[in-house]
Structure formats: C-alpha cells, structure tokens
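2 protein chains.
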Amino acid sequence: MDSHGERGDLPGLEQLVPKQGRRPGDRYVRIVSPRREFRRAEGHYVATDAAILPPGQTGRILAGIRHKLFGRPLATEAEGSERLTVATGYAILASDNISSSAYATEEAMRVLALAGVAALSLTMPIALAIVGVLAVVVLSQLQVIKAYPNGGGSYVVTSDNLGRVPGLIAASSLLIDYVLTVAVSTAAGVAAITSFAPALHDMRVPLGLAFIALLAIGNLRGIREAGMIFAIPTYVYVLSLAGLIGYGLFRVIAGDVPPPAIPPDPVPSTGIAALSVLLILRAFASGSVALTGAEAVANGVPSMKAPETRNASMTLILMAITFGTIFLGLTFLAQAIGVVPDQREQETLNSLVTRSLVGDGFPYYLVQVSTAVILALAANTGFTGFPRLAAVLANDRFMPRHFADRGERLAFSFGILVLAALASLVLIAFGGSVTALIPLYTIGVFLAFTLSQTGLVRRWLRLRPGGWKVTAGINGVGAVVTGVVLVITTVTKFEHGAWMVLIVMPLLVLLLHGISTHYTAAQDSLVVEDLRQDLPKLPQPMVIVPVARLDRTAVHALTFASSISDHVRAVHIATSHETAAAFQLRWEAWAADVPLEVIVSPYRSLVPPLLTYIERVGSNSDRPLTIVVSQFVPRHWWEFFLHSQTAFRLKLALLFRPDTIVIDVPYHPRES
Amino acid sequence: MDSHGERGDLPGLEQLVPKQGRRPGDRYVRIVSPRREFRRAEGHYVATDAAILPPGQTGRILAGIRHKLFGRPLATEAEGSERLTVATGYAILASDNISSSAYATEEAMRVLALAGVAALSLTMPIALAIVGVLAVVVLSQLQVIKAYPNGGGSYVVTSDNLGRVPGLIAASSLLIDYVLTVAVSTAAGVAAITSFAPALHDMRVPLGLAFIALLAIGNLRGIREAGMIFAIPTYVYVLSLAGLIGYGLFRVIAGDVPPPAIPPDPVPSTGIAALSVLLILRAFASGSVALTGAEAVANGVPSMKAPETRNASMTLILMAITFGTIFLGLTFLAQAIGVVPDQREQETLNSLVTRSLVGDGFPYYLVQVSTAVILALAANTGFTGFPRLAAVLANDRFMPRHFADRGERLAFSFGILVLAALASLVLIAFGGSVTALIPLYTIGVFLAFTLSQTGLVRRWLRLRPGGWKVTAGINGVGAVVTGVVLVITTVTKFEHGAWMVLIVMPLLVLLLHGISTHYTAAQDSLVVEDLRQDLPKLPQPMVIVPVARLDRTAVHALTFASSISDHVRAVHIATSHETAAAFQLRWEAWAADVPLEVIVSPYRSLVPPLLTYIERVGSNSDRPLTIVVSQFVPRHWWEFFLHSQTAFRLKLALLFRPDTIVIDVPYHPRES
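These protein sequences, in sequence, are chains A and B. For the first sequence, this note's numbering assigns the number 1 to the initial residue and increments by one for each residue that follows. For the second sequence, this note's numbering assigns the number 1 to the initial residue and increments by one for each residue that follows.
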C-alpha cells in the first residue's frame with residue numbers, strides 16, 4: 001500500500017509534463033491542456049465534438065448511420081428561438097382541428113345510416129349543433145389564452161385551479177388522446193389514399209405503420225424542422241377545399257346538381273335500427289370528433305411571436321372559421337348531392353363528394369392528396385404534444401424521468417418512441433379502421449375541456465379580475481356545454497368502445513400517482529439535509545476474493561484487492577475433498593501470502609455456499625464487505641458463451657444486500 | 001484511511017466473541033464455529049444443506065418447485081456404483097438397436113413401393129443383406145469391447161488411433177446422430193400410437209414435443225433412475241413380438257395365411273419409378289437404419305458388472321440375435337401376408353401385420369403400446385449418450401465447459417436441455433415424419449462405424465498383440481463393409497436430405513475445433529508460470545466518482561471511494577453553464593473536501609464525455625483507474641425503470657478498456 005497520500009497527486013484533465021531544462025538539474029513542468037476534447041469556458045470545461053465521438057470503429061459507424069437518419073447532434077444552445085406568426089401558427093397549430101373535417105361528417109352519417117338512408121337528412125342539423133359547440137369552446141379557449149400566456153394546456157390549467165387529482169385526470173385524457181390522434185389521423189390519411197388506390201385497401205395497417213414510423217423519424221430529427229416541413233400543405237388543403245365547396249355551391253344554386261358517385265360498397269338504403277333520440281345523440285357524439293385539436297392553439301401560446309396573446313387569439317378565430325366553413329360546406333354538399341358512405345371504409349365520403357363534383361381528374365387528386373398530407377400533419381400534432389406533455393409530467397415527477405431527457409437533436413426522443421409504439425399497437429388492434437377508433441377518441445377531448453373550463457371558472461371566482469363576471473360566465477357555459485357533450489359521448493358510445501377508455505384512464509391516473517409517490521419517497525430519502533457534515537470515515541473494507549483456479553485472473557483480482565485494502569481473504573469452493581486438498585497444496589506452494597479458506601460444496605453448486613459464507617463473514621466483521629471477482633474478458637463477444645458468468649450471478653444475488661459491494665475486475669488476456 | 005493493517009484483523013468463518021470474565025478486567029475470547037451451515041471435515045469446511053438454501057422467501061419457493069419436478073439435490077459422493085448385469089444391460093443398452101425393428105422394414109418397403117407393389121418382393125433379400133452387415137458390425141464391435149474395456153465410443157477409438165480431426169468427425173457424427181435418435185424414435189413412437197388412435201394423427205408434432213419434454217425432465221432427475229424406469233418394457237416388447245412372430249409363422253406354415261389389413265391410405269399398386277439398381281440400393285440404405293444403436297453396448301462396457309468384457313460381449317450377441325430374429329420375422333410375415341405401407345404414415349407396417357394376424361383385441365394393443373414404450377427407451381438412449389459425449393468433449397475442451405458441469409441431480413443438465421431443444425427443432429422442421437428423417441440418420445452411424453473400425457485396424461497394425469492378424473482382418477472387413485454402406489447411403493440419399501448432414505457436419509467440426517483453439521489460447525494466457533512470484537504491488541487506484549446530484553447516493557459513493565483510496569476526484573457532467581455553476585456553488589458550500597471537476601456537455605449526452613474524460617485522466621496518471629458509480633437500488637424490481645442505468649452503461653462501455661475497474665456502489669434507501 002503506497003504512502004504518498006497528499007492531495008497534489010491527483011491527475012485531472014490538465015497534464016503536468018516534466019521537462020528537462022538545458023542544463024542538467026534544471027526541470028520545468030509544462031501544463032498541457034486537453035484542447036481537442038475539452039475547452040475552458042465560464043470557469044468549466046466544455047466537452048467538444050471530439051469528446052463525444054464514440055471510441056472504436058464499430059461505434060463510429062453506428063454513430064454515422066444514426067446521424068444520417070436523425071441528423072447531427074444539436075447543442076442545447078441551439079434551442080429554437082424562432083417564433084410563429086399568425087400565418088405559420090395557423091398552418092401548424094390549427095391543422096389538427098381543421099383536418100378533422102376530413103372525417104367528421106362521415107362519422108356522423110355512418111351512425112345515422114343505421115336507421116336507413118332517409119335518416120341522413122339529419123346530418124346538417126347535427127353539423128350545425130357541433131359548430132355551435134365549437135363556437136362555445138373557442139370563446140372559452142380565448143379566455144385560456146388570456147389567462148395562461150405561458151401555455152394553458154388542460155393539465156396545467158386543471159392542476160393549477162382544481163388540484164392534483166383532477167390535473168392527473170386531465171393529463172391522462174390528453175395522453176390517451178394524443179395516442180388516438182396519431183392512430184385516427186393515420187388511419188384517415190390512409191383512407192384518403194385508398195379512396196383513389198383501392199388496391200392498397202388490404203395493406204392499410206402496414207401502410208399506417210410506415211406512416212407512423214416516418215413521423216417518428218421526422219420528429220426524432222427535431223421538432224421545429226418537422227413542423228416547417230408540413231406548413232405549406234395546410235394552405236393547399238384549405239384552398240383546394242374552399243375551391244371545391246365554392247364550385248359545388250355554385251352548381252347547387254345553379255340547379256346543376258350532379259348525380260352522386262357510388263362507393264364500392266354503399267350502406268343499405270333500409271336501416272337496421274329505428275331512428276331514436278339515442279341514435280341521433282350517438283351521431284352527434286360521433287360528429288363531435290370535429291372538435292379534436294381545438295386545444296392546440298391555447299397550448300402553443302408561448303411559441304407565437306409577440307404580442308403572443310393577440311396573435312394566438314387571431315389564430316384560434318381563423319381556425320374556427322376555416323373549420324366551420326369546410327365542415328358545414330362538405331356536409332351541405334354531401335346531402336345536396338345525396339352521397340352515402342362506403343360500408344367497407346375503402347372510399348371516404350369526402351372522396352365521393354369530390355368525385356361527384358369534379359370527376360376523377362387533377363382536381364380530385366389534389367383534394368385527396370392534400371387531405372392525406374394534412375392528416376399526416378394532424379398526426380404530427382400528436383408527436384408534438386405527447387412528448388412535450390410527458391416531459392412536463394416527468395419534470396413534475398409523474399412520469400419516468402427519461403421522458404424529460406432531450407435527445408441529441410433536442411427532441412424528447414423517449415416520448416416520441418413510446419408514442420409511436422403505442423399508436424402502432426392501437427392501429428393494429430383496430431385493424432386501421434377510423435370508425436372503430438372514433439368512439440374511444442372524443443371522451444378524452446371533452447373530459448379535458450370540461451375540467452379546464454371548470455378550473456377557469458374557479459380561477460375567476462378566486463381572483464376576481466376586472467370583468468371577471470363575463471369571463472366566468474363564458475367559461476361556465478363552456479364547462480356546461482362540453483360537460484353535456486361528454487355525458488352524451490360516454491353514454492351513447494359506451495358499448496362501442498368507450499368502456500376501454502373508462503378502464504384505461506383510471507389505471508393511468510393511478511400509475512402517474514404511483515410514480516410520483518415513488519419519486520417523492522426516493523427523493524426524500526436521498527436528500528442531504530446538512531451540508532456542514534463531512535464525509536463519514538469508513539474503515540478499509542474486508543475484501544473477499546472467490547478464486548476458482550490459481551491463474552492470472554486470480555492473481556489480477558488479488559492484486560487489485562490488495563491495492564484497495566489490507567484486509568484480503570481468498571475463498572475457494574471445491575467439489576470434492578481431493579480437489580480441495582490439491583488446491584490448498586498449490587496455494588501453499590505459492591509465494592504470495594494471501595489467507596485462503598476452502599469450502600467443499602457436496603452438491604457442486606457455487607453461488608449458494610459462497611453467499612452463505614459471505615453472510616457469515618459479514619456478521620463476524622465490523623468492516624464493510626467487498627467482494628472482488630475476476631472476470632475473464634474474451635476478445636470477441638460470442639466467446640462470452642464459453643465462460644461461466646459467476647461474477648454476474650454473484651452480483652445479482654448480492655444486489656439487495658446492504659453495505660456489500662461486488663467489484664468485478666475484468667481481466668484481458670492481452671495484459672500479461 | 002485506517003492504519004491497523006495487521007493480519008489478525010481478518011474475520012473468517014470462525015467468530016471471536018469477546019466475553020467479560022467474572023472479575024472486572026478479566027476477558028476471554030470464545031471461538032464460535034458456524035456449525036449449522038459449515039462443518040469441518042478432512043481439513044476443509046463443507047457446506048451443509050443449510051448453506052445452499054437460497055435466502056429469501058421467493059428463492060425458497062422456487063427451489064421447492066424445482067425439487068418437486070427434478071428431485072432433491074444429490075451429493076457428488078452419491079455417484080452411482082451400481083453396475084449392469086447381462087439381463088439389465090440387455091434391457092438398457094440393447095433397446096436402441098432392437099427398437100429399430102419397429103420401422104426398419106417399413107422404410108425399406110416405402111422405397112421399393114415407388115416401383116410398384118410388385119417390387120415389394122425384394123424386401124426379404126434386402127433384409128437378409130442388412131442382417132449380414134449387422135453380423136459384420138457385431139463381430140467388429142466385439143473387438144472394440146476387448147480393446148477398450150473403459151468404453152470404446154467411436155470418438156474415443158477414432159481420436160485415439162487416427163488423430164484429432166478424424167476424432168472430431170466421429171464426434172460430430174455421433175452428436176448429430178444422438179439428436180436424430182431422439183427425433184426419429186419419438187416420431188416412430190408417436191406413429192405406433194396414431195396407428196390405433198388415428199384422431200391423434202394431426203397432433204403428432206405436439207405429442208412428440210410432449211414426449212421429448214417428459215424424457216428431458218426424467219433425465220434431469222438423474223440418469224440412473226431414468227434408465228431403470230424403462231428396463232422392463234424391453235422384455236415386454238421382445239416377448240410380445242416373439243409371440244406374434246411365432247404365431248404368424250405357425251399360421252403361414254399351416255397354410256392359414258390371413259388376408260392383409262388395409263391401411264387408411266395404401267401406396268398405389270402401380271409405381272411411379274422404374275425398378276433400378278439405384279432404387280434397390282436406396283431401399284437397402286433406408287433399411288440400414290436397422291443398425292443404429294448397435295454401438296451402445298461397446299460404449300457402455302464400464303457400466304457392466306465384472307467381468308465387464310465378457311458380460312458386454314454376451315449382451316452384444318444377445319442384442320444381435322434378438323434384433324435379427326424380430327427384423328427378419330416381421331419382414332417375412334409382411335411379405336407372406338402381402339401387407340403394403342400407408343402413404344400418410346398414419347398406421348405403421350408393424351401395426352398392419354399385427355392387425356392382419358390377431359385383429360384388434362388385447363394382443364394388438366400389447367404389441368403397439370410396448371412398441372411405443374421401447375421407442376421411448378430408444379429416444380432415452382440419445383438422452384444418455386449426447387450429454388455424456390458432450391461432457392467428454394467439454395473436458396477435452398472441444399465444447400463449452402457448461403456441458404461438463406453436473407447439475408444438482410448429478411446429470412449433465414446443460415447437455416440434456418440442449419439435446420431436447422435441438423431434437424424438438426428437428427421434429428418440428430420435419431413435421432414429425434419418420435420417413436423424412438431417415439435419410440439424415442444413417443450417414444452419421446456408418447461414418448462413425450467406418451472411422452472407428454479403421455482406427456482399430458491401425459491399432460492392431462501398430463500394437464500387434466497375439467492373434468492380431470485375425471482381429472485386424474475382422475475390423476478390416478468391418479471397415480470396408482460399413483464404408484460401402486456409407487457410400488451407398490450418401491449417394492442414394494443425397495438429394496432426399498442427406499446433403500443437410502453433409503453441410504452441418506463440417507460446420508460442427510469447425511465449431512468444435514474453434515472452441516478448442518479458444519480455450520487453449522485462453523488457458524495459455526492465464527497460466528501462472530512461476531509460483532515463486534509474489535503478488536505485484538499496485539499503487540492505490542486513482543478513483544473517479546461521477547456525481548449527478550449532491551445527494552445521499554453521491555455521499556455514499558464518495559465515502560466508499562475514500563475508504564479504498566486517498567486519490568479521489570468527483571466529476572459532474574452539466575447540460576448548461578448555469579447548472580454547472582449552481583452545482584459548483586453547492587459543492588463548495590459542502591463541508592466535505594473532495595476535489596471536483598465540472599464538464600459542460602452541450603449535446604446533453606452523459607456517457608461519451610465521461611468516457612473521454614476518463615481516457616484523458618487515465619493517460620495523465622500512472623495509477624490504475626477505478627470508477628466508482630453510485631447505483632440507487634429501489635425496493636421493487638419494476639422501480640428500476642424509473643431510474644437511469646448510467647452505472648450499467650458506463651460499465652459496458654469500459655468493459656474492454658484495460659486496467660479500468662468500474663465499481664457500482666448500490667445505495668439502498670433504507671440505509672439512512
């Protein structure tokens with residue numbers, strides 16, 4: 001054991017190079033800084049690109065592939081300060097809601113069609129009711145924007161005003177909804193494509209999965225970049241649908257109503273159910289999917305250019321007008337022309353309306369392709385929202401901390417991967433059908449709306465700012481209306497799949513709560529209360545070195561053991577008295593003076609008697625126990641199969657024994 | 001760092017309990033031995049049953065289940081000394097060969113039937129030729145028994161006389177054949193059952209797998225026990241078939257030939273191929289499967305009662321007579337009655353012969369069930385042979401050493417499991433069909449025969465004992481005859497599956513050779529040449545402690561680090577200059593005086609800059625490097641997902657860096 005324990009002997013990043021002077025006896029010390037890998041800045045070292053290059057050829061090749069696929073790493077300082085104008089904010093934040101017009105009318109009609117084609121005449125009144133709800137929601141959201149200029153997601157607003165459990169319920173609703181946003185938008189996007197390419201209908205699940213994978217890769221490359229890629233299509237969609245609706249209205253007014261295009265498998269003209277109030281409410285609930293995505297603008301206030309509140313409000317109003325126009329326009333045209341939905345979901349209603357009006361030339365393909373692309377954009381909203389919310393929840397210690405880690409490209413990589421996996425599973429489970437997914441979708445949206453509006457009412461009652469009665473009134477109406485829609489949706493959709501959400505949501509709330517409890521307990525137990533306390537002084541450990549053979553790995557382990565403690569003992573497990581005696585003999589012939597204990601294990605097992613031995617010695621000793629195990633490291637990974645992994649098994653067995661540390665000392669055959 | 005480094009302070013299994021004497025000042029030390037877990041014997045400690053009891057409730061429950069399924073552990077001393085008499089040896093060692101009579105005739109007939117039912121008249125001449133080959137093989141094997149009273153497996157005989165590479169070829173042939181023995185016997189056993197229970201025909205693969213699993217469990221319980229369980233059925237099979245054949249011959253001689261029983265799907269009476277010499281040779285090759293298992297007696301000489309050589313020779317001769325009688329008798333009866341095989345392999349030829357003669361009463365079921373059971377016994381021969389040969393090869397360093405480890409019940413557990421897995425895969429791949437498996441089977445048997453007979457010829461030429469010319473002549477004829485059969489089998493069966501064996505065998509030889517090269521190199525690099533050398537004296541390590549937060553886990557890790565070395569340095573990776581400065585400030589406020597380096601990682605990655613840091617410090621230091629990482633150990637296993645596994649990732653990354661030891665210091669929240 002060496003004796004020069006002075007503090008000076010502590011090599012760090014700066015190298016002290018002794019240099020011989022010109023005359024014998026002269027000596028200098030030159031300080032060499034590791035410039036290439038670490039530079040000094042603001043009193044700390046900063047790792048340079050050279051420092052994060054993986055060592056070894058394989059590592060570099062893998063890193064190269066990763067960078068090709070996901071882009072080169074971005075420094076934390078590169079965090080985007082670019083803000084959204086109304087024009088770009090509209091394209092990015094409003095696209096989720098606007099894209100709902102691609103399937104909302106159809107979903108309402110599908111339910112009505114159960115009572116026969118004649119019942120489809122109720123579609124327009126239902127659409128008007130839905131737009132009315134949208135107006136109330138938008139008015140409420142305008143209050144949210146004012147109250148939470150730093151981003152008023154339902155989770156923030158609810159937990160801020162109603163407390164922890166309602167906040168967690170809102171968070172769970174949103175997490176589930178983001179997963180469904182991705183699944184539904186992907187399924188609808190694929191349906192827009194299979195409308196003009198029926199041959200792909202059987203491939204819809206693999207197509208959807210490829211879609212999700214592409215979005216995941218795009219988002220792993222970095223959120224901002226992915227957002228911008230998709231900005232233009234929103235305008236293409238809005239403009240092409242505006243053109244279509246304008247042309248259609250002109251023809252209807254001119255009395256030149258075209259004959260309806262026929263889907264591959266039209267719904268039967270006589271219904272299978274009576275036209276009841278319940279059925280009408282169910283159609284309304286299905287159509288309410290139109291309101292999904294309406295919360296995105298309020299969430300995204302901090303990403304708008306100043307004045308943020310005003311710009312966000314403008315964007316929200318523009319969004320509502322655009323959506324309302326397209327939704328009502330398409331609904332009106334579908335009814336005026338007399339289009340009926342396709343039973344097998346191969347051709348969409350919008351495709352039928354478009355085909356009736358313009359045939360299948362270029363305008364038709366423009367509408368279909370831009371629909372598919374805006375639905376991709378809507379799915380992308382899920383990829384923006386889920387990882388961000390998960391990161392907020394992780395920072396609040398409700399979700400595993402991996403969700404809060406930013407990856408090489410500043411994206412919340414873990415959240416993106418988890419979302420992609422969950423959405424893929426849902427897509428597979430529901431066979432890529434939009435209609436099957438819809439009942440699960442709307443509940444979460446309206447639950448979150450109801451909770452945040454209620455939270456705002458409570459906020460106004462508490463803070464009472466100027467004009468609080470008006471705003472409280474608006475939010476109160478909002479809470480009641482969204483609450484009523486929530487009840488309608490839950491009741492009418494319960495047996496069609498909503499029950500699944502009602503099971504998953506409480507479980508998710510419990511999970512988030514459990515994680516938080518764990519983290520808080522762990523945190524509490526880890527806190528250092530008193531910084532005035534010095535490190536406790538431990539005696540040198542008692543080191544036990546299990547030795548299988550007296551070979552170089554054993555010598556290596558014993559050498560290391562002796563360098564960290566003066567209290568070293570070897571132990572050998574033999575399978576018979578003969579081998580025990582032989583080992584003892586060879587040990588005694590060895591020049592090194594290390595005390596040895598030999599234990600015969602009659603059942604040939606290695607680890608159990610070793611564990612018991614350690615247990616006994618531990619209870620006989622007042623020093624902390626340390627086990628040093630030599631581990632032979634072969635040159636190639638597959639050669640590991642040829643060697644027993646006793647070190648690993650011992651470590652696993654001792655992991656939960658307090659105050660016992662297992663050190664495996666790797667032995668590389670090339671060190672001789 | 002404590003100073004009392006004397007040798008006395010080394011707690012071991014014996015506990016020194018200080019006792020206060022009667023008068024103040026009196027002190028004694030009582031030595032307490034850990035009687036319950038370790039007893040002294042022959043100068044060593046011996047672990048008792050209490051020492052191998054797993055700690056913790058879960059471990060004990062698991063051990064309880066294991067003991068129920070596989071039996072309680074057996075001590076090494078319990079190794080069986082029970083030897084086999086001619087009567088028991090016949091039942092156990094000869095059963096593999098005798099059981100071949102359950103399918104050998106049918107396999108030859110299947111090939112002949114390709115040339116039409118008329119060609120079946122050639123079955124008897126072919127059977128006579130096969131029995132001729134058997135006679136030559138038995139004569140040769142009698143020489144093996146004399147020459148290798150310690151067990152003359154083909155591997156031992158060949159590598160002893162012809163060298164390493166031929167020895168490995170013989171070993172590979174045998175390993176492959178043991179796998180096929182299990183697969184073919186299982187398939188044939190299931191066929192014996194589906195003959196009288198056709199409903200199970202579609203279930204033949206799962207049935208076969210269940211069969212293999214049962215055999216594996218039986219053998220894991222211990223070889224001897226499993227062998228005895230199956231001793232009686234051999235006699236039941238031999239006696240019932242002797243009765244059947246005697247009765248059949250009587251009826252044929254009396255001119256009372258019964259009409260043939262008709263299989264569910266008889267082969268067509270007009271053939272699809274011409275009756276060529278090649279086809280006849282192919283039928284002969286198929287029938288040669290009759291010789292499989294003929295080497296078992298020579299392998300098993302050491303397990304016979306004294307005089308081993310004489311008893312083994314007797315057993316071998318009895319085996320040949322039994323097999324020849326049953327094989328020729330069944331072949332004669334099949335032809336005399338005019339039975340044709342079943343195309344779908346649902347009913348066996350033996351079942352048809354039996355059914356023709358005795359109908360489907362009790363005698364029929366006795367024959368079928370005893371056939372199924374003796375085939376299970378034959379499959380069991382694979383379970384005896386494969387693990388034993390693999391253990392021999394592992395001891396010779398040609399196979400991973402796990403194969404040489406005896407399990408709790410003294411069985412070579414690893415070999416048993418590997419064999420069961422491989423045989424199951426083969427059974428699944430070939431859909432449980434005996435006929436599909438046969439072409440793969442015979443090559444290995446005859447290759448091993450040819451090699452070992454050639455080896456013996458060489459041995460006699462070298463040693464020239466009394467009467468060597470006769471024995472060399474016998475073995476020479478044996479080598480030539482088995483060599484000719486080997487060539488016939490290879491040529492006629494090549495395209496029917498034999499090519500697979502010809503691909504797998506060289507690969508297996510290369511693998512065995514590669515493993516041996518690795519072990520020899522590893523062994524050479526590990527050997528301690530000079531026992532007169534003391535342990536090298538290493539300086540205390542330079543200890544680097546990566547610290548994420550200044551919490552108790554960090555304090556715990558630093559405390560341990562300080563107990564093993566005076567040269568400790570903490571390093572913190574920060575993601576920004578702000579957090580870096582905050583950490584530094586808190587560190588300086590802390591009373592403990594541990595030097596710290598803070599590194600800002602602009603890309604937020606943790607492990608790569610740490611690795612580069614370690615690399616740099618390592619090159620600046622002449623001490624061995626040790627990294628101490630704290631690892632938070634939660635109370636429940638699933639909570640591991642909530643904590644980052646940096647320690648593990650660091651360890652993996654540093655595994656191949658020489659002279660660097662990563663110590664993870666587990667921190668249990670309950671230690672406070």
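Hints listed in this document are in silico derivations from the structure and should not be mistaken for laboratory results. Note that the coordinates shown come from a computational prediction; the quantities given were computed from them, not determined experimentally. Where hints are given, some of them may not hold.
Unchecked claim - Under the rule of at most 25 angstroms between Cα atoms (straight-line distance), these lysine to any residue pairs were calculated in the SDA-like manner:
1) 537(B) / 583(A)
2) 537(A) / 569(B)
3) 537(A) / 236(B)
4) 537(B) / 569(A)
5) 305(B) / 88(B)
6) 305(B) / 261(B)
7) 537(A) / 549(B)
8) 537(A) / 88(B)
9) 651(A) / 413(B)
Claimed, not checked - A partial selection of chain B residues facing chain A, derived with a Cβ cut-off under 10 angstroms:
10) 43
11) 395
12) 396
13) 469
14) 472
15) 474
16) 477
17) 487
18) 490
19) 536
20) 605
21) 617
By construction, the Cβ of each residue, glycine as well, lies at the ideal position given by its N, Cα and C atoms.
- Hints that the structure is at odds with (numbers, increasing): Of the numbered hints given earlier, those the structure breaks are 3, 6, 8, 11, 12, 13, 14, 15, 16, 17, 18, listed in rising order.
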